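**Student:** Throw the hints in and build the complete structure from the sequences for me.
Respectively, the protein sequence lines represent chains A and B.
Residue 895 in the working numbering sits at position 462 of the first sequence, and the numbers go up by one each step.
Residue 489 in the working numbering sits at position 56 of the second sequence, and the numbers go up by one each step.
Read the hints as simulated data drawn from the structure, not as lab findings.
Quick caveat, the model's predicted, so the values are computed rather than measured.
Careful: at least some of the hints might be erroneous.
As the list makes no split between identical chains, a pair holds if one copy fits it or if it spans any two.
[Claimed, not checked] Within a straight-line C-alpha distance of at most 20 Å, the following computed EDC-like cross-link-like pairs (lysine to aspartate or glutamate) qualify:
hint, residue 1, residue 2
1, Lys960, Asp1070
2, Lys1046, Asp1087
3, Lys964, Asp863
4, Lys993, Asp1079
5, Lys809, Glu648
6, Lys585, Glu536
7, Lys585, Glu547
8, Lys752, Glu848
9, Lys1147, Asp654
10, Lys1131, Glu556
11, Lys964, Asp1070
12, Lys1049, Asp522
13, Lys764, Glu659
Chain by chain, the residues:
2 protein chains.
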Amino acid sequence: MNTQEHPQAGTSSLGPQDKVPAAGTPGAWPRQAAARRLPRGRVGQASRMSLLDTSKYSQGSVLGSVNPDLASERRTASFSVEKLTARLDGGAEQTRIRRAVVEAIESDPVFSRENQYFQSQNERYEAAVRKAVHLQRKMHEMGWTESGPELKYIYSRALSGDVAFLLHRVFMRCISVLGSDEQIAKWIPPATQYRLIGSYAQTELGHGTYLQGLETTAVFDITTQEFILNTPKISAMKWWPGDMGRSATHAVVFAQLYVQGQCYGVHPFILQIRSLQDHSLCPGITAGDIGPKMNFEHTDNGYLMLQNVRVPRENMLNKFCEVQPDGTYIKRGSPKINYFTMTTVRISLISDEVILPLMKACTIAIRYSAVRRQSKLKPGEQEAKILDYQTQQEKLLPQLAAAYAFHFINKYLQELLNRGYREVQTKNFDNLPELHAFSSGFKALATQYCTSAVEICLRACGGHGYSLLSGLPSLYTKILASCIYEGENTILLLQTARFLIKCFSAASAGQPVPPSVIYLSVMKAGKCPAKNKLDFLSPDIYTEAYQHAAVRLVSSTAAKLQDLIQSGVKKHEAWNQCTVQLAQAAKAHCHYITVKNFAETVEKLETEAGIQKIMKHLCDLFALHGIFSNAGVFLHDGYLSGAQMDMVTASYLDLLAVIRKDAVPLVDAFDFTDKSLNSALGSYDGQVYQRLYEWAQKSPTNTQTNPAYERYLKPLLHNTLSKL
Amino acid sequence: MNTQEHPQAGTSSLGPQDKVPAAGTPGAWPRQAAARRLPRGRVGQASRMSLLDTSKYSQGSVLGSVNPDLASERRTASFSVEKLTARLDGGAEQTRIRRAVVEAIESDPVFSRENQYFQSQNERYEAAVRKAVHLQRKMHEMGWTESGPELKYIYSRALSGDVAFLLHRVFMRCISVLGSDEQIAKWIPPATQYRLIGSYAQTELGHGTYLQGLETTAVFDITTQEFILNTPKISAMKWWPGDMGRSATHAVVFAQLYVQGQCYGVHPFILQIRSLQDHSLCPGITAGDIGPKMNFEHTDNGYLMLQNVRVPRENMLNKFCEVQPDGTYIKRGSPKINYFTMTTVRISLISDEVILPLMKACTIAIRYSAVRRQSKLKPGEQEAKILDYQTQQEKLLPQLAAAYAFHFINKYLQELLNRGYREVQTKNFDNLPELHAFSSGFKALATQYCTSAVEICLRACGGHGYSLLSGLPSLYTKILASCIYEGENTILLLQTARFLIKCFSAASAGQPVPPSVIYLSVMKAGKCPAKNKLDFLSPDIYTEAYQHAAVRLVSSTAAKLQDLIQSGVKKHEAWNQCTVQLAQAAKAHCHYITVKNFAETVEKLETEAGIQKIMKHLCDLFALHGIFSNAGVFLHDGYLSGAQMDMVTASYLDLLAVIRKDAVPLVDAFDFTDKSLNSALGSYDGQVYQRLYEWAQKSPTNTQTNPAYERYLKPLLHNTLSKL
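**Tutor:** Okay, structure coming up:
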């Protein structure tokens, strides 16, 4: 791997390329001179003409000499970028593995994302299938396995998720977890060898998060020993499953099980939906693609309608329940461990689908803000870098701090879940409610926070951020989906709230509660002891403020709920009337835990002084930004006074100027390659205008002829249209 | 116009169609029965197969019987929907004209937007040009003129802006306003007849809002009496102008004027960029399309590079300044009126590009929320409409209130601008600074608020909102641009803030200030007098709270600025250190004016009781939502106590349940046709699942064959790929 791709490898000091005069800056515009030697006649169609040598379009060849405005930012890093990268990866060895995986994938042209922004949904899908098929070869060639250390970097860091058959993997996991040994033996080998392609069909047109409401039916026919699956009405049509629209031959389909007229609830069934021979739809199957979406063009999200589709009795996944030949319904064992496993896998998506995209957005927006100059800060001077404006810092730096905050809390959550997994294996289910509550709330907070953060990054880049070539629009439209999938956020927050209310009641009654909510039992009435703005740089001060706010919101909502019920309002109605505040309380709880964890993480960094110092600043910023932005929560009962809020504001704004100095090194530490960012604004060299221009010329709007000219413009201009 | 398109015409009571059993509901699923009579063999490719009669795809034929869940919402309207529509339009006659325009356009298939979500950028562009050309014929045919009452409805309500040559209109306006009589006589007639197509080239790759920084040069060559235009470096390339990428033959280009070595600042020049004969690029011109964007696929936003392009001296627009043959630079008259005219035109975009899209988003999300059922509110009951959940109400109803609030403040601003226009015509420029400050701040507040509001509507529709077929993604990606174009919002807010600080200083010194900011001089220290939650339904109470907050933010920021300067910080640096708070103060000012105007508007509705009552509720909701969401601002100095904030919260949540009852009639009053909404979720009949399914089948992912099958899937499944 060359230093171009990972320029910060080994050192954060200036590399030799920084001394080359940068193209696109006032002193270096040599290519235009060449262009002027062109005959002064017609220059020709834009698409076929370029002042710049577009034949060397690939990133890092023509481009690559670092813009001095970005180089100067790197010269003054207060810490070792490489060491911070290693810390984020979990060690230098992990960094090495990650870089090797990324290098292997990115150097293979089949995996290129170069033309992605110009492709139609059909083209994106075809490319994703091509990549998925090629990936099998690649993994074999590289010696990568499903259980190797490389796996976690392949899909996220190296491929940016832009590949098919992700639901095929869920299909296999589902069978592995919920299927009997016989079922696993029958289905997993051919699935692993792609002799069939699976999907996971749960969501219906009319039902998402509320699984009990699914309407697809599976009726057991005792005479033929088959289940008959049906889509009884349009709202029961399966809708959204990935890989199902155009690829899958099989699917795990969730349906209400009926045996002898009795409903036993939702169960999973394996169905064949397309012929393995010619890919035609199987009898009774109607399926297709659900059409265009905000993102995920590469995925064939599908619909599926079933009309008297019969599958043998053995196709119901039956590790934990079974319909016997005589129609007897049997439950066996506890599915808890296995459902828990599937849940934790979902949560692990957050790292790839939520935190990485935010890190990318920060990298793009901050690098761009260090080279974009606009207006003057000081009369008579050169135009200023927009990153030097307080308002721009206030947009971007809190998002950068959030990227670190959520990275650390996610690591913490992963550890909790791993511990939880070990516990449930020993039949200790004690911590499951806490883990579920925390992971639900965390999923909601992280997706919501990071989605807003990416949007702020996009908007902060002005018009150029709005171009798909900036990479920001696709980051935004993709992360937005995370607020919706894997459980709608409001519903998840209310699940967390239910746990909090329960624990609060228990704590109030003197009963023991799980560790993470013990704080709910020690509501200290007091006031914040901070006396000046520097006091607010003490983690104890702000962590306690967050804790106080969370307790107040939980307790006041619990009181309102109690009051309503005591005044005669029915329980479910009282609950509904409190949900806005319950969701707020759940968010405050998760926000508190996130701040507390960040502060604790910083403390543990004591041996790495340079890194600890800048991480402490980021932690302070994350915490104070939250107080500044949610001032009402902290002022409400006078825990903070107005004067103290002014101190918070002062410290918060001071921090912006401090962190600004390290902003570029802090995003460099995320260590994204240019190919992975796929952004004309965010590349390591900061040659944004040159890159925007060169990339635009690859657009089909320039490379394809303009049919509107002969059809409409020419007749119009030549006035041969019938007279108006 | 049939009642299908405008079902609320004449009455808000139940129409006869409501009695027809609705397709897609449990009782009515007749088409499936028919489908089941198909042979039980292979049903065939999804694309060629449908359980539903897709030959009658056009909206309102197969579909159209109103979903009972939506019908019931309309039965209980507390006011006359038709009367409210007329009030929003500015009178029943306006409603009639608008409907006639919409009907004429929508009944013409050339203007159809039916396949819009499936089209590539090239296809969208071609369709936009086709529509623009056809529109000329249509206007002639209908007898519509550029000065007629129909014009304002054509582009926004009827075409949803999805048409080409919008920048050609700006090109003409620019010449009309800044050109001499001779220039107008020369250029306007051929432009009007489309014998040339113009664009307006101001923004450059390196410069947006800060116009003084433009780098394109125009050097006067006294020997040939020409201006020589050049793009001296890549950042000077014109970038973004609409109609320029592929259509325009001419452009008004803004460049720094140099005469005999002296720079006279930015001036507009008319340039030909493409041949009128064969549309090839003119000598010295490089131009093309800037590539894919988040939206505006129909517009050919372009780039333009100039190399020694010569235009005659007469091509500089010279109503207000001229370079004489001997190189003398002359200024004449005051361009104030004319620049003012161009500014007001920009502001008028807000109505079409910001408020209408929010109204559409509310219509879609609220109608959908009235038919979408999910989970149970009460155990044992049917699944509940999601609109019955407090959390869903809290997402959508404040956005609905905002749509009304911004509609009314926009009307008020238009009146102010019209009055301002009359004043400047009599050389009275006194009110210009106030108007500029207000319109800048209003543009920023409205675009930011409404963009967030549309995003909330999108997210509130879950997975289906994420489908392009919902119409919400394109509303969002389009309105997002409004935060960036016509002046970046942060910069605009700071312009407003500069005005506020100036007025505050003047007021403090006892000098007179413009009417809208007189309130800054009467800072009452006091506390809010409200004693219970009902007091917060008094406009006086909440308007004063907003006023108090605005004064406090302006005065405290002015004090900080003063302190910094007195402590020796340079003025420009002190300003930069206050900008986060200055922007906040400007927003608070505009928010206050918006609330105050809404309250005053409601008061004037006294003769129409039904409407006044519901508008009063919306005004209260808008105001209390703002206090609830920005609680810190009101609690900071104790103007509101924590106990009073609880009252605000209680009243705010109470209002949700009240307004919820009229939510559907309130969006019906916006009176959008189904074609104009172009949404599978938002149509008048509420047949969302049926429509999603039918529309999806028109997607190229279903209508085109799957090349990935033969190329990748078949070899994979048949295991003919080289062995792994």
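**Student:** All the hints need checking, so say for each whether the structure fits it.
**Tutor:** Hints versus structure:
For the identical chains of this complex, Lys960 and Asp1070 are neighbours both inside a copy (9 Å) and across copies (16 Å), given an alpha-carbon limit of 20 Å. Proximity of Lys1046 to Asp1087 under the C-alpha cut-off of 20 Å is restricted to the intra-copy arrangement: shortest distance 15 Å within a copy versus 48 Å between copies. For a Cα distance limit of 20 Å, the shortest separation of Lys964 from Asp863 qualifies neither inside one copy, at 42 Å, nor across copies, at 47 Å. Taking the shortest alpha-carbon separations for Lys993 and Asp1079, only the inter-copy value of 11 Å comes in at or below 20 Å, while the best intra-copy value is 31 Å.
In this assembly of identical chains, the alpha carbons of Lys809 and Glu648 lie at most 20 Å apart only when taken from different copies (15 Å versus 62 Å within one copy). With identical chains, the CA atoms of Lys585 and Glu536 are at most 20 Å apart within one copy only, with a shortest distance of 15 Å there and 56 Å across copies. Taking the shortest alpha-carbon separations for Lys585 and Glu547, neither the intra-copy value of 23 Å nor the inter-copy value of 42 Å comes in at or below 20 Å. In this assembly of identical chains, Lys752 and Glu848 lie within 20 Å of each other by CA distance neither inside one copy nor across copies; the values are 28 Å within and 72 Å between.
Taking CA atoms no more than 20 Å apart as the test, Lys1147 paired with Asp654 passes in neither setting, with 68 Å inside one copy and 34 Å between copies. Both within a single protomer and between protomers do Lys1131 and Glu556 lie at most 20 Å apart by alpha-carbon distance, with minima of 16 Å and 17 Å respectively. Taking identical chains as interchangeable, the C-alpha atoms of Lys964 and Asp1070 lie at most 20 Å apart whether they share a chain (18 Å) or sit on different chains (17 Å). With identical chains, the CA atoms of Lys1049 and Asp522 are at most 20 Å apart within one copy only, with a shortest distance of 19 Å there and 56 Å across copies.
In this assembly of identical chains, Lys764 and Glu659 lie within 20 Å of each other by CA distance solely inside one copy; the values are 19 Å within and 91 Å between copies.
Hint compliance for this structure: hints 3, 7, 8 and 9 are broken, all remaining hints hold.
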